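K.L.:
Protein chains in written order, with the numbering used here: chain V, 2 to 111; chain E, 20 to 134.
These aren't lab readings, by the way, just hints derived from the structure by calculation. All values derive from a computational prediction rather than experimental measurement. Be aware that a few hints might be false.
Computed list of lysine to any residue pairs in SDA-like fashion (alpha-carbon distance at most 25 angstroms, straight line) [to be verified]:
no.: 1; chain 1: V; residue 1: K43; chain 2: E; residue 2: A32
no.: 2; chain 1: E; residue 1: K33; chain 2: E; residue 2: Q69
no.: 3; chain 1: V; residue 1: K103; chain 2: E; residue 2: A57
no.: 4; chain 1: V; residue 1: K43; chain 2: V; residue 2: S29
no.: 5; chain 1: V; residue 1: K57; chain 2: V; residue 2: L107
no.: 6; chain 1: V; residue 1: K68; chain 2: V; residue 2: K43
no.: 7; chain 1: E; residue 1: K33; chain 2: E; residue 2: L58
no.: 8; chain 1: V; residue 1: K43; chain 2: E; residue 2: D82
no.: 9; chain 1: V; residue 1: K3; chain 2: E; residue 2: P80
no.: 10; chain 1: V; residue 1: K57; chain 2: E; residue 2: F124
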Amino acid sequence: QKEVEQDPGPLSVPEGAIVSLNCTYSNSAFQYFMWYRQYSRKGPELLMYTYSSGNKEDGRFTAQVDKSSKYISLFIRDSQPSDSATYLCAMRRGSEKLVFGKGMKLTVNP
Amino acid sequence: GAGVSQSPRYKVAKRGQDVALRCDPISGHVSLFWYQQALGQGPEFLTYFQNEAQLDKSGLPSDRFFAERPEGSVSTLKIQRTQQEDSAVYLCASSLDRGLNTEAFFGQGTRLTVV
């Protein structure tokens with residue numbers, strides 16, 4: 002079993018939809034939780050960063066962490082075609098290496 | 020430069036050939052990471068440098084993989100006697116320091132195809 006599990010999709014939604022992306026993990030030592038967006042043939046770029054449990058909102062994006070369930074989520078409101086990309090969850094213990102999920106490919110159709 | 024720069028962007032190697040992949044981190048960034056991303060997968064950790072010191076190489080898949088950062092700036096990932104299973108995108112990331120709240124910035128990657 003991988004340390005971080007993420008449904009790879011793909012997921013296709015109409016423009017304006019609310020998108021929910023999720024990851025589960027097995028290592029309770031993870032403290033820092035991130036969501037990266039990766040466009041085709043580009044490197045990952047950091048979208049959201051959360052320490053421990055709780056919610057964080059940034060514009061149309063909301064990240065949630067539930068450490069008791071070992072479950073993290075990313076919500077995208079009013080999705081746009083420009084949001085079409087692969088979304089990767091990632092986490093780490095302290096300042097160590099990032100452990101990534103497989104990535105979910107999202108397409109937002111105009 | 021403004022971001023992490025990797026070269027070449029694309030590399031085709033014949034099986035058995037040696038390759039060298041270069042990473043230019045953001046100026047002043049202390050930490051440098053190499054990741055391997057196979058098709059349809061998330062990046063997997065290979066190795067980590069703090070300045071010129073290689074502090075973690077636990078992710079290197081075999082002794083054919085070697086990384087260096089001799090002056091604490093540019094890093095090179097070398098793969099000897101390439102195999103087909105080495106085909107992947109190799110990503111480099113740098114961060115300002117090893118602090119807990121430090122963001123890692125990724126380059127665009129080098130796509131290696133072994134034929």
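K.L.:
For each hint, tell me whether it holds in the structure or not.
P.N.:
Here is what the structure says about each hint:
1. For the proposed pair K43 (chain V) and A32 (chain E), the alpha carbon gap of about 21 angstroms is at most 25 angstroms, so the pair holds.
2. Simply put, K33 (chain E) and Q69 (chain E) have alpha-carbon atoms about 33 angstroms apart, too far for the 25 angstroms limit, and the pair is violated.
3. Pair hint K103 (chain V) plus A57 (chain E) holds up; C-alpha atoms about 10 angstroms apart against a cutoff of 25 angstroms.
4. Under the criterion of a C-alpha separation no larger than 25 angstroms, the hint pairing K43 (chain V) with S29 (chain V) is inconsistent with the structure, at around 31 angstroms.
5. Restraint check for K57 (chain V) and L107 (chain V): the C-alpha separation of about 21 angstroms stays at or below 25 angstroms, so the hint holds.
6. Proposed proximity of K68 (chain V) and K43 (chain V) is contradicted: the alpha carbons are some 31 angstroms apart, above 25 angstroms.
7. About 19 angstroms separates the Cα atoms of K33 (chain E) and L58 (chain E), which keeps this hinted pair within 25 angstroms; it holds.
8. At most 25 angstroms may separate the alpha-carbon atoms for a hinted pair to count; K43 (chain V) and D82 (chain E) exceed this at roughly 28 angstroms.
9. Only pairs whose Cα atoms come within 25 angstroms are accepted, and K3 (chain V) paired with P80 (chain E) is accepted, the gap being roughly 17 angstroms.
10. The hinted pair formed by K57 (chain V) and F124 (chain E) meets the criterion: a straight-line CA distance of about 21 angstroms does not exceed 25 angstroms.
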